[in-house]
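Given the coordinates of chain C, assemble chain U onto it according to the supplied hints.
Protein chains: 2
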Amino acid sequence: MSSMLSVELDRNSEEPIYKQLIRQIKMQIESGNLSAGTRLPASRELAKDINVSRISVVNAYAELRAEGYLSAHAGRGTFVSRDGQSVGSVTNGAVAQSSTSRAMHDYSIRDMMKLARRSDIINFSHGSPPPEFFPMQHLQSAINTVLERDGASAMLYERPEGYGPLRSGVRDYVSALGIMCSVDNVLITGGAQQAIDLVLQALVSENETIVTSAPTYIGILDVARARRLQVHSIPMDEDGIRLDCLEYYLMENSPRLIYVMPTFHNPTGKVMPLHRRRQLLNLAHEYDVPVLEDAVYHEFRFEGEPLPPLKALDTTDSVIHVGAFTKMLLPGMRIGYIITSNSQFDRLVRVKQAADISTSGFNQRVIHMMMQRGVIAQQLERNNRELKRRRDTAIEAAKRYFPEGCKWEVPQGGMYLWVTLPKSGPTAAELFITAVQKHVSFAIGNVFYVNGQGSRNIRVNYGLQHPDRIEEGFRYLGDAWRELTEKYNEIENSPLL
Amino acid sequence: MSSMLSVELDRNSEEPIYKQLIRQIKMQIESGNLSAGTRLPASRELAKDINVSRISVVNAYAELRAEGYLSAHAGRGTFVSRDGQSVGSVTNGAVAQSSTSRAMHDYSIRDMMKLARRSDIINFSHGSPPPEFFPMQHLQSAINTVLERDGASAMLYERPEGYGPLRSGVRDYVSALGIMCSVDNVLITGGAQQAIDLVLQALVSENETIVTSAPTYIGILDVARARRLQVHSIPMDEDGIRLDCLEYYLMENSPRLIYVMPTFHNPTGKVMPLHRRRQLLNLAHEYDVPVLEDAVYHEFRFEGEPLPPLKALDTTDSVIHVGAFTKMLLPGMRIGYIITSNSQFDRLVRVKQAADISTSGFNQRVIHMMMQRGVIAQQLERNNRELKRRRDTAIEAAKRYFPEGCKWEVPQGGMYLWVTLPKSGPTAAELFITAVQKHVSFAIGNVFYVNGQGSRNIRVNYGLQHPDRIEEGFRYLGDAWRELTEKYNEIENSPLL
Chain C
18 MSSMLSVELD RNSEEPIYKQ LIRQIKMQIE SGNLSAGTRL PASRELAKDI
68 NVSRISVVNA YAELRAEGYL SAHAGRGTFV SRDGQSVGSV TNGAVAQSST
118 SRAMHDYSIR DMMKLARRSD IINFSHGSPP PEFFPMQHLQ SAINTVLERD
168 GASAMLYERP EGYGPLRSGV RDYVSALGIM CSVDNVLITG GAQQAIDLVL
218 QALVSENETI VTSAPTYIGI LDVARARRLQ VHSIPMDEDG IRLDCLEYYL
268 MENSPRLIYV MPTFHNPTGK VMPLHRRRQL LNLAHEYDVP VLEDAVYHEF
318 RFEGEPLPPL KALDTTDSVI HVGAFTKMLL PGMRIGYIIT SNSQFDRLVR
368 VKQAADISTS GFNQRVIHMM MQRGVIAQQL ERNNRELKRR RDTAIEAAKR
418 YFPEGCKWEV PQGGMYLWVT LPKSGPTAAE LFITAVQKHV SFAIGNVFYV
468 NGQGSRNIRV NYGLQHPDRI EEGFRYLGDA WRELTEKYNE IENSPLL
Chain U
18 MSSMLSVELD RNSEEPIYKQ LIRQIKMQIE SGNLSAGTRL PASRELAKDI
68 NVSRISVVNA YAELRAEGYL SAHAGRGTFV SRDGQSVGSV TNGAVAQSST
118 SRAMHDYSIR DMMKLARRSD IINFSHGSPP PEFFPMQHLQ SAINTVLERD
168 GASAMLYERP EGYGPLRSGV RDYVSALGIM CSVDNVLITG GAQQAIDLVL
218 QALVSENETI VTSAPTYIGI LDVARARRLQ VHSIPMDEDG IRLDCLEYYL
268 MENSPRLIYV MPTFHNPTGK VMPLHRRRQL LNLAHEYDVP VLEDAVYHEF
318 RFEGEPLPPL KALDTTDSVI HVGAFTKMLL PGMRIGYIIT SNSQFDRLVR
368 VKQAADISTS GFNQRVIHMM MQRGVIAQQL ERNNRELKRR RDTAIEAAKR
418 YFPEGCKWEV PQGGMYLWVT LPKSGPTAAE LFITAVQKHV SFAIGNVFYV
468 NGQGSRNIRV NYGLQHPDRI EEGFRYLGDA WRELTEKYNE IENSPLL
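Residue numbers (the working numbering), protein chains in the order written: chain C, 18 to 514; chain U, 18 to 514.
The shape of chain C in the complex, shown without the other chains:
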């Protein structure tokens, strides 16, 4: 075993071996005995050296990685993290950890973000596509055709499962993404948000737990709060939700559902690589937990190779797939869909009927007409071309105006830039106040977490603004940051302190 790590186990203790291991390794990191960058022995090697089962070591390492004490580098081994703490620790002094909590939220921050509704603001905070993308001529024409063709019957109650031709259209649409299903597996919903809400309602009872990434889509946290569900959040790395932490959690817990957004994750823009998609499905199957795949940004790719949605890889009916014609076409029509297996379908239809009887049959017909006319394919091509231009402008402007020490990954699709602010200086919430005074807004990182993390993160929806406004807005953001930092320095250097 490594010369640096010393482990003394009490085999008569009631404390499980893996927990003793966690405790002892933590102590040695915190005491400085194991310094940042130290390589730990491979799990097989350590298990043999101290005569314990390998699973105990695997568990202990996974937990310590989840808590930010260790990091793993494929092919190179497991190392002590630089400072024994992870990103979250900068903010609140506690180590970041995968943690279960009743979905509580900082409403004051969300209330604060309502300031961004002011019309004189360069709005990077809202998760909306830009209205100039909307195909208004096609919409008007589709409406006229539907009203002419169907007359009053377009205004009757629709069946809860949806308008038949649209269900067929969705089946064909997702088959182009590799998802093979029957029209009987398609349920039309009021956008992706209702789709998520219905799935959670059908599968999860109050006080039961769902798992998602940290950070995650704000809408899943909204549902959990409204429906009194527990949320367990799992850290992400550059490839999305960390499966080591997830598996570690699944070993001892039985959550009811795993929510993921594998492609152009909101808020981080990350894409889960193919091998991790497959591993996630294996885990879901092995531990018998359904996966809710949110694919609303799936087709928003303007760079790199497309990857199949989880549902296209799903051979064991582990995945419920959610998509929508909101972000990619017309948010205001509120049309989304669920693709799911037969076993869940009837329950979902009953829940849908209780929720609102049916989604507007008129809106369903109009979206179906636009789909039939090829508007969606045209839209995606045009939108992605323009989104790429805006992404490029945003990256250039960020390099130019954002303070030194800011970090971000360059997204290959979607609408979001996820920025980590420098460790010193204002938090995202502090920056927001000054930014709004300068007529620019963004989403404060905290709202994407359940437990107070993210205070050094901001989400910028570059897709919502024209390139010249992106340039201008990013400049104001940089100005806001520098102004605040100077103010703080003045206070710190004040002779009165």
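The set of hints was computed from the structure by calculation and includes no laboratory data.
Glycine included, C-beta positions come from ideal geometry on N, C-alpha and C.
Treat the hints with caution; some may be incorrect.
Stated by the list, open to error - Only some residues are given here: those of chain U computed to face chain C with a beta carbon under 8 Å:
1. 148
2. 164
3. 242
4. 243
5. 351
6. 436
Said to hold, decoys possible - Only some residues are given here: those of chain U computed to face chain C with a beta carbon under 7 Å:
7. 207
8. 208
9. 319
10. 322
11. 345
12. 349
Claimed, not checked - Chain C regions said to be covered by chain U (calculated; three or more residues, Cβ under 8 Å):
13. 34 to 46
14. 53 to 60
15. 208 to 218
16. 306 to 314
17. 319 to 331
18. 343 to 351
19. 475 to 484
The following block gives chain U in isolation, referenced to the frame of chain C:
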């Protein structure tokens, strides 16, 4: 005390006095000692005679009324019911009673009712207004104006609480009904069904209990089932939900909400008189239980004097009011609303946001435009004139074609005729099968109850059909009844039996 009633109490028993009273009175009715029509002593008189508290007698009488053993006639006293049993008893041998049950449903009956979707059927089963009522020209014109005026911004995400001008419009609209509120008390929803669902979600947790009438709107039972709520149902008399039974229940239980449809109740068409409205509000206030008022048929009055909605009489913020532009205007646009006090509003908005972010801002704008142009007022006048004509046709046809022994009350508004079938002969479900073969359908009574009652009731939506089709359909219904009855008689008289 009455010469007929003899009571022997055991004051040392663990059984409460009021339960002993119930048991003894039941026994005397069942044994024939107290015959139908016997007048029981007033509660004050009996309490004095047998030296017990008056509340014990009041409770015992209330329970016995709820179970159908007794009936009360205002100003005249309490009487033994004709047969010691109430309507429900005819069906299943058990006495009808107010009862709490997890909202279970006979899915097979609802599945059966899907047969009525066939296009060659005279459909009296669906709860829809007739498409020939829909103001399609006004709709097309409102759509064009909205798209011209607002362009792409009509297609953005709307605020969860709703489109501002529509909220103001609803405030003005309900003020004409006597409901005084601020625009901040108006939440726009996806029809009345979503309104009900959101209120229940905001106020009731899993396994908690809501109270409603028996029978009741099928949609409230759908929500209870989807959300795993308990439903306690209270019998109705000719004036709606029975407040004696309700108070008796509230004395010992703490339900989270009382759901009522005071005007043109679905399925019975009953209207709650003013004095009972006031008494219901007093009860709600006294026992501190909110009342959810479903007013979707409120303006469907074609006869008699209008009554104020509960919310207009509500001085203690006990009532949450739900209405919609579905039945009275365009079901397919899916626009409804909730009027509620400030204390519940924020919670409702959060639940709404989790449910679907917002109701289509486009659909809200279109409804608002039609409202502004006076289309709703025109519609109501025209619809009610035509509904009256259809009601008259239905009553005449029912007298002519329905079998002897059928009973109904003549509705003064709404779309429904609630028919009680004769005690001998086929049940509603049996009749349904034969009726569908004759190309006519209705709603089977059982679906409006939680516990198997209603098997001798049918709900006929006369509003959905042209007068000549009503005549034709009722004739088929009568034929179906006679055919079934003859078949049964043949079997009974068969020498093989």
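Exercise. Within the segment 34 to 46 of chain C, is the number of residues with a Cβ closer than 8 Å to a Cβ of chain U three or more?
Worked result: With 0 residues closer than 8 Å to chain U, the segment 34 to 46 of chain C misses the three-residue bar; violated.
For this session: Confirm or reject the coverage of the segment 53 to 60 of chain C by chain U under the rule of 3 or more residues with a beta carbon closer than 8 Å to the chain's beta carbons.
Result: Violated - the segment 53 to 60 of chain C has 0 residues with a Cβ nearer than 8 Å to chain U, which falls short of three.
For this session: Return the status of the interface hint for residue 349 of chain U: holds when the least beta-carbon distance to chain C is below 7 Å, violated otherwise.
Result: OK, holds: residue 349 of chain U within 7 Å of chain C, min 4 Å.
Exercise. Are residue 319 of chain U and chain C close enough, Cβ to Cβ, to be under 7 Å, as the hint says?
Worked result: At about 22 Å, which exceeds the 7 Å cut-off, the nearest Cβ of chain C leaves the hint on residue 319 of chain U violated.
Exercise. Per the coverage rule (Cβ-Cβ under 8 Å, at least three residues), is the segment 475 to 484 of chain C covered by chain U?
Worked result: violated (count 0)
Exercise. Holds or violated: the segment 319 to 331 of chain C covered by chain U, criterion of 3 or more residues with Cβ-Cβ distance under 8 Å?
Worked result: Since three or more residues must qualify, the claim that chain U covers the segment 319 to 331 of chain C is violated, with 0 doing so at under 8 Å.
Problem set entry | Whether chain U covers the segment 306 to 314 of chain C (at least 3 residues having a Cβ closer than 8 Å to its Cβ atoms) | violated (count 0)
Exercise. With 7 Å as the cut and Cβ atoms as the points, is residue 208 of chain U at the interface with chain C?
Worked result: 6 Å, holds
Problem set entry | Interface restraint verdict for residue 345 of chain U against chain C (beta-carbon cut-off 7 Å) | Since chain C brings no Cβ nearer than about 13 Å to residue 345 of chain U, farther than 7 Å, the hint is violated.
Problem set entry | Hint check: 8 Å Cβ-Cβ cutoff, residue 243 of chain U to chain C | Result: holds, 4 Å to nearest chain C Cβ.
Exercise. At a Cβ distance under 8 Å, does chain U reach at least three residues of the segment 343 to 351 of chain C?
Worked result: Satisfied; 5 residues make the cut.
Exercise. Holds or violated: residue 148 of chain U as interface residue toward chain C, Cβ cutoff 8 Å?
Worked result: Since the shortest Cβ distance to chain C is 4 Å, the answer is holds.
Hints 6, 9, 10, 11, 13, 14, 16, 17 and 19, counting from the list given before, are not met by this structure.
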